[in-house]
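Peer 1: So you can see what is in the structure, the chains are spelled out below.
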Amino acid sequence: MEKQDRIESWERKHSSEISDVKEILHTVKKSPLAMVGLFIVLILIFVAIFAPYIAPHDPITMNLDNRLAPPSMSHLLGTDELGRDILSRIIHGAGVALKIMIIVLAIDLPLGILLGLVAGYFGGWVDEVIMRISDIFMAFPRLILAMAIGTALGPSLVNTMIAIAVTMWPTYARLARAETLSIKERTFIEAEKALGTSKTRILLSSILPLCSSTIIVRATLDMGNVIRIAAGMSFLGLGAQPPTPEWGLMVSTGRSFLISQWWVPTFPGFAILLAVFGFNLLGDGIRDISDPYLRRGG
Amino acid sequence: MAFPGYVAKRLVLFIVVIFGVVTITFFLSHVIPADPVGAIIGENAPQELVEKIEKQLGLDLPLHQQYLRYMKGIVHWDFGISLRTQKQVSADLKTYFPATLELIILAMLIAATCGIGIGILSAVKRNKLPDSISRILSLIGISMPAFWLGLLFIMILYYHLGIIPAGGRLSPGVLSPPTVTGLYTLDSLIAGEFGTFWDAFHHLLGPALVLGWIQTAYICRVTRSSMLEVLNEEYIRTARIKGLRERIVILRHAFRNAAIPVITMVGISFGYLLEGSVLTETVFGYPGLGRYSVNSFLSLDLNAVIGSVTLIAICYALSNLIADLFYGFLDPRIRY
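So the protein lines, in turn, are chains A and B. In terms of my numbering, the first sequence opens at residue 1 and continues consecutively. In terms of my numbering, the second sequence opens at residue 1 and continues consecutively.
Treat the hints as calculated values from the structure; they're not laboratory data. This one's a predicted model, so the numbers in the text were calculated from it and none came from an experiment. We treat Cβ as the ideally placed atom computed from N, Cα and C, and that holds for glycine. Don't take each hint at face value.
Said to hold, decoys possible - Listed next, the stretches of chain A that the computed footprint assigns to chain B, with coverage defined by at least 3 CB atoms under 8 Å from CB atoms of chain B: (1) 151–163; (2) 166–180; (3) 221–231; (4) 257–263; (5) 271–277.
Generate the whole structure from the sequences, applying the supplied hints.
Peer 2: And the structure:
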């Protein structure tokens with residue numbers, strides 16, 4: 001009985017969030033493309049978490065007697081130049097791709113949002129400096145800057161993540177700044193200031209929640225991008241290093257076998273496409289949902 | 001703000017940005033790497049060789065002097081000698097940049113034609129079958145890893161169908177046309193060598209189709225959403241009520257008004273294509289700026305890295321600047 005009460009009070013307290021989630025789910029259901037995206041992303045997450053249990057073979061152990069075997073019942077997608085099962089490597093690669101994406105966003109979102117909030121709220125020279133720095137970072141094509149940082153730090157998976165993160169924060173800083181500029185003029189912020197609430201508190205507990213939805217939408221749209229850029233860097237030899245089961249790296253090493261053993265580079269590349277496609281479908285759907293104008297338009 | 005004032009403000013900003021870009025490049029190339037020379041020639045190299053190369057690259061000077069020397073070089077467009085090609089980096093850039101320019105222009109033509117066409121069709125047939133197909137195709141285009149698409153093209157168009165050549169800019173045995181612009185297609189036409197033109201065009205086709213397809217997707221999406229906005233306007237209804245033919249309503253009344261974001265997108269796509277050319281040129285073995293920069297990165301050829309990154313960043317910032325100015329010129333509301 002007590003448990004029931006607790007649930008009810010929790011529901012009362014969070015009623016607005018619950019209805020938000022319900023509404024989003026409802027709209028996602030209406031958009032078949034977003035549903036497909038959600039489905040792909042959920043599969044990707046599932047595969048990443050349970051990779052060791054799903055993968056039929058070990059992704060790293062070599063088997064030189066079975067090099068470049070074509071797809072068969074024992075190796076559904078064939079084997080690579082070191083006799084490793086390609087399907088197992090793709091399955092383990094899901095975790096690598098998701099890890100890169102999560103870590104990049106975990107660095108970028110707080111950094112970008114913090115700088116954007118500060119720039120928007122304080123204005124003046126602080127704003128000018130932060131925005132000009134973001135201009136400079138945005139003046140590089142992302143891949144080129146990431147390549148340059150990756151090379152300077154030395155090619156490795158961790159450095160790839162750092163490099164991509166450095167190229168992406170300006171987008172979030174700009175969004176957070178734009179939102180802060182419009183929110184800080186509202187009366188309730190004036191009221192809080194008059195009550196003597198500290199600036200940090202106003203920024204973190206009043207402004208931040210209001211600008212988070214725009215930024216989350218943007219971040220979903222970027223998730224696929226992160227995976228694609230990381231794969232591109234590994235393909236060029238500036239990212240993950242062997243024997244990591246990273247999809248871009250697998251395409252890169254499989255490149256030499258393109259004509260005679262087409263399965264070696266083809267399947268890992270398809271995995272990149274599918275994963276990025278899933279995140280883009282979902283991101284597109286979430287953007288449509290969060291944009292009431294588009295939603296009305298159907 | 002009046003237009004000249006807007007232009008001046010944007011130009012100042014452009015110069016600040018370029019200054020920042022080369023400074024960041026300096027930090028990445030001179031400050032962060034712990035042992036740049038060791039990375040180039042190996043850690044166990046003899047001391048004299050290390051000192052010789054340090055001296056050659058100016059790495060023995062204090063940091064602020066290195067920075068001054070570096071800035072002076074960039075202002076004079078002198079990046080020193082590439083360790084890999086043993087030529088002046090600026091001369092290398094002069095050879096490789098036109099190759100990439102040629103590729104990007106062709107890709108842009110493909111992307112603009114297909115993207116705008118499909119985008120308009122998609123908006124007009126909103127939520128019908130052609131729209132759904134084009135939306136899915138453009139999302140696939142945006143999600144496509146360029147290097148993988150390039151490999152598929154090589155496998156299908158080169159190996160199985162024989163439509164495109166294996167790589168490079170010209171077939172072995174075909175001499176490059178006399179240099180006027182550095183763009184082989186244009187130079188061969190100027191010299192009247194139509195065989196060479198066809199050969200150069202043939203070599204461009206594969207990488208241009210890869211770059212073009214991905215960019216088509218972006219332009220198609222912008223065209224679609226911009227057209228949808230315009231198609232809801234009163235004046236479109238008026239035009240239809242007047243009994244104008246649907247084709248004229250769509251092309252003259254609607255697309256003209258929807259064109260601003262589309263043209264801006266085409267301008268910005270120059271930068272994206274430049275970025276995409278890095279991967280595409282590497283896959284196709286096309287000797288352009290993108291492949292040059294990748295090879296410089298991989299062989300830690302410091303001068304060549306600085307030169308190519310600076311040139312790419314300037315082109316990228318310039319294309320954004322032009323797109324911005326163009327937008328400001330067409331739509332006075334955004335000159336804030």
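Peer 1: Indicate, hint by hint, whether the structure satisfies it.
Peer 2: Cross-check of the supplied hints:
For the region 151–163 of chain A, the proposed coverage by chain B is satisfied: 3 residues have a C-beta within less than 8 Å of a C-beta in that chain, meeting the threshold of three. Proximity of the region 166–180 of chain A to chain B, defined as three or more residues with a beta carbon under 8 Å from a beta carbon of that chain, is not established by the 0 residues found. Only residues whose C-beta sits within less than 8 Å of a C-beta in chain B count toward coverage, and the region 221–231 of chain A has 3 of them, enough to reach three; the restraint holds. Chain B is given as covering the region 257–263 of chain A, and this holds because 3 residues of the stretch bring a CB closer than 8 Å to a CB of that chain, at least three being needed.
Counting residues of the region 271–277 of chain A whose C-beta sits closer than 8 Å to any C-beta of chain B gives 4, which meets the bar of three, so the coverage hint holds.
Checked against the numbered hints listed earlier, the structure breaks hint 2 alone; every other hint is satisfied.
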